[in-house]
Structure formats: C-alpha cells, structure tokens
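Asks: Single-letter residue listing:
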Amino acid sequence: MADIHDHEHVGSTKLFVNVWIALLAITFFEVFLAYIDMRRDLMLIILMGGSIVKAALIIAYFMHLRFERLSLVLTLIPAMVICLTLLAIFFPDSLRLYHLR
Amino acid sequence: MNEAAAEGLAVTPVASEWGGGALPYKVGHKKLGMWLFILSDSLTFGALLMAYSYARVASVTWPTPFPFNPGIIFSTVMTLCLLSSSLTMVMAVSASKRRDLAAARKWILATMLGGAAFIILHLMEWNNLIGEGLSPSQLPAEWAEKWPGASPLFGSAFFGITGLHMFHVFSGLCYLGVIATRIRKVTDEDVEISGLYWHFVDLVWMFVFPLIYLLSVQY
Chain A
1 MADIHDHEHV GSTKLFVNVW IALLAITFFE VFLAYIDMRR DLMLIILMGG SIVKAALIIA
61 YFMHLRFERL SLVLTLIPAM VICLTLLAIF FPDSLRLYHL R
Chain B
102 MNEAAAEGLA VTPVASEWGG GALPYKVGHK KLGMWLFILS DSLTFGALLM AYSYARVASV
162 TWPTPFPFNP GIIFSTVMTL CLLSSSLTMV MAVSASKRRD LAAARKWILA TMLGGAAFII
222 LHLMEWNNLI GEGLSPSQLP AEWAEKWPGA SPLFGSAFFG ITGLHMFHVF SGLCYLGVIA
282 TRIRKVTDED VEISGLYWHF VDLVWMFVFP LIYLLSVQY
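So the protein lines, in turn, are chains A and B. Its first residue numbered 1, the first sequence is counted upward by one per residue in my numbering. Its first residue numbered 102, the second sequence is counted upward by one per residue in my numbering.
Watch out, some of these pointers could steer you wrong.
Cross-link-like lysine to aspartate or glutamate pairs, in silico, DMTMM-like; alpha carbons within 25 angstroms at most [said to hold, decoys possible]: (1) B:K247 with A:E68; (2) B:K131 with B:E233; (3) B:K198 with A:E68; (4) B:K207 with B:D142; (5) B:K247 with B:D142; (6) B:K198 with A:D37; (7) A:K14 with A:D93; (8) B:K131 with B:E226; (9) B:K127 with A:E68; (10) B:K127 with B:E226; (11) B:K132 with B:E290; (12) B:K131 with B:E290; (13) A:K14 with B:D289; (14) B:K132 with A:D41; (15) B:K127 with B:E290; (16) B:K131 with B:E243; (17) B:K132 with B:E226; (18) B:K127 with B:D291; (19) B:K127 with B:D289; (20) B:K198 with B:E290; (21) B:K131 with B:D291; (22) B:K286 with B:D201; (23) B:K207 with B:E226; (24) B:K131 with B:D142; (25) B:K131 with A:E68; (26) A:K14 with B:E226; (27) B:K132 with B:D142; (28) B:K286 with B:E226; (29) A:K14 with B:D291; (30) A:K14 with B:D142.
Quick caveat, the hints were computed from the structure, so don't treat them as lab data. Predicted model only: the values in this text are computed from it and were never measured.
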C-alpha cells in the first residue's frame with residue numbers, strides 16, 4: 001500500500017506536458033536539419049545525439065524509470081547500452097566493403 | 102559472538118531483501134518481465150538499424166528518395182501522432198493510479214486513436230511507395246536512373262524495419278484494447294505495464310524516423 005502512495009507523487013501532469021513539449025521541440029529541430037542542406041555525416045551525429053536525448057526523456061519520465069529503484073536502472077540500462085554499442089563493431093568491415101568497390 | 106551479532110545486523114537488511122519473498126527491485130514480476138522484454142526488443146531493433154547502416158555505408162550510392170514536401174512532412178505528422186499518443190498514455194496511467202477508471206479508459210482510447218492514425222498514415226505511405234514500384238527486392242525504375250548503381254537493399258531495409266515497427270504498433274493497439282475493455286478487472290500496475298510497451302514503441306520510432314526518413318531527404 002505504501003508503494004502505491006509513493007508512486008502517486010511521482011510526476012505531475014505539468015511535468016509530463018513539459019517533457020512532451022521538449023520531445024516535440026527536438027523533433028522539429030531534427031526536421032529542420034532535413035530542410036536545410038547539410039553535410040550528411042554531421043547531420044547523422046546531430047540526429048543521433050537528439051534521438052538519444054529523446055530516448056532518455058521517454059525512458060526517464062514517460063516510462064517512470066527515474067522514479068524506480070537505482071538497482072533496476074543499473075540492471076537494465078548499462079546492459080542495453082553496452083550490447084547496442086558492441087553491435088557497432090561491424091562498421092570497419094562496411095567501410096572495407098565500400099573501398100573494395 | 103559479539104562480532105557475529107554485529108555482522109548479522111549489518112547483513113540482515115540486504116539478506117532479507119534479496120533472500121526471497123521480497124521484491125528487490127520494488128516492482129512486480131510482471132513489470133520486471135516487461136522491462137526485460139523491452140531490453141531484448143531494443144536489441145532486435147538495434148541490430149536491424151545497425152544492419153541498415155552497415156549496408157548503407159558499404160554502398161557506393163544509396164537512394165535518398167523522400168522530398169521534404171510531402172514525404173518528410175507526412176512522416177513528421179506520423180511522428181507527432183505517436184508522440185502525442187505517448188502523452189495520452191501517461192495520462193491514462195495517472196488516471197488509473199487515482200482509480201479514476203472512466204478517465205483511464207478514455208485516455209487509453211485516445212492513445213489507440215493516435216496509434217491507429219499512425220498505422221493508417223503509414224499504410225498510405227507504403228501504398229504510395231509500392232505504387233512507385235518499390236519492393237523489398239527492387240527499386241523503382243525511375244530511382245535506378247536517378248541513383249545509378251543504388252542498392253536494392255533500400256527496399257528490404259525500409260519495409261523490414263518500418264514493417265516490424267508497424268507490427269509493434271498494431272500489437273500495442275490490440276494490447277491496449279484488451280486493457281481498456283478489462284479496465285475494471287486489471288490493476289493499475291497492469292495499465293502501467295501496457296504503457297511501458299507503448300512508450301517503447303514510440304521510443305523505437307525516435308530512431309527509425311531520423312535514420313530512415315530524415316537522412317534520406319531528397320535535395
């Protein structure tokens with residue numbers, strides 16, 4: 001019962017609307033980058049940066065992870081980030097293929 | 102003896118927490134299960150997006166077929182539908198925590214409306230691209246002229262990734278439909294778990310949208 005009451009206080013409507021506005025703002029900024037003529041490699045870096053911020057906002061506030069125990073956060077997030085980062089290990093090979101052509 | 106007692110004191114809180122009969126993460130087993138599913142699903146999408154990026158980097162030419170107007174504007178509207186449906190889902194979870202079940206059901210239905218709008222817009226776009234001649238194994242003849250030597254992998258990457266995502270949105274609609282129908286029988290944690298899934302689908306789109314659409318804008 002105490003748990004339910006603890007959770008009742010996390011996150012007000014105002015906070016969630018603010019998060020939503022921030023997500024919209026980042027989205028419009030990203031779309032603006034597509035509107036202006038921009039170097040693709042630079043654009044990729046900025047877009048991924050924006051998307052990681054958006055993902056963090058969604059996970060922290062919409063998915064409530066900020067209000068959960070630290071043990072849950074530490075179980076889920078580092079494993080996910082490390083596995084996803086390790087997938088990038090293949091990229092030197094795609095550049096090799098490109099230079100073979 | 103004293104030492105053992107002191108040790109016992111120090112160890113007891115941890116032992117009781119992790120020794121069974123308690124919830125060490127302070128979340129129910131269903132919620133933990135959904136989190137673990139989300140973890141594994143994020144790796145599925147991560148692997149797909151990495152494979153797409155790999156194919157794109159390794160190709161000499163890659164089609165960039167989406168004009169800003171209407172292509173990118175259309176997909177931006179789809180993004181807005183999904184983002185807004187996440188906000189309504191948060192409202193549904195808050196309402197069900199307050200045990201205001203009528204409001205929770207209304208917010209879930211609003212969420213489903215956003216998801217349905219996303220799917221309808223997405224299918225219209227697919228229909229348009231298929232009409233142009235794009236398929237998982239073939240580029241339209243017009244594109245092949247515009248981007249000579251472009252890889253037909255564009256089609257398989259596009260339909261594969263957006264198709265799997267659309268399937269997730271569709272599954273989410275069914276899931277939310279069940280939760281909305283049974284709102285009086287399910288607990289507020291069940292509503293929250295369905296929300297976790299829905300937000301995850303939104304989160305995946307936050308990577309699919311820039312990588313597949315914004316980076317393929319036609320100048």
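Asks: Provide an ascending list of the numbers of those earlier hints which the structure does not satisfy.
Replies: 1, 2, 4, 5, 6, 7, 8, 10, 14, 16, 17, 23, 26, 28, 30
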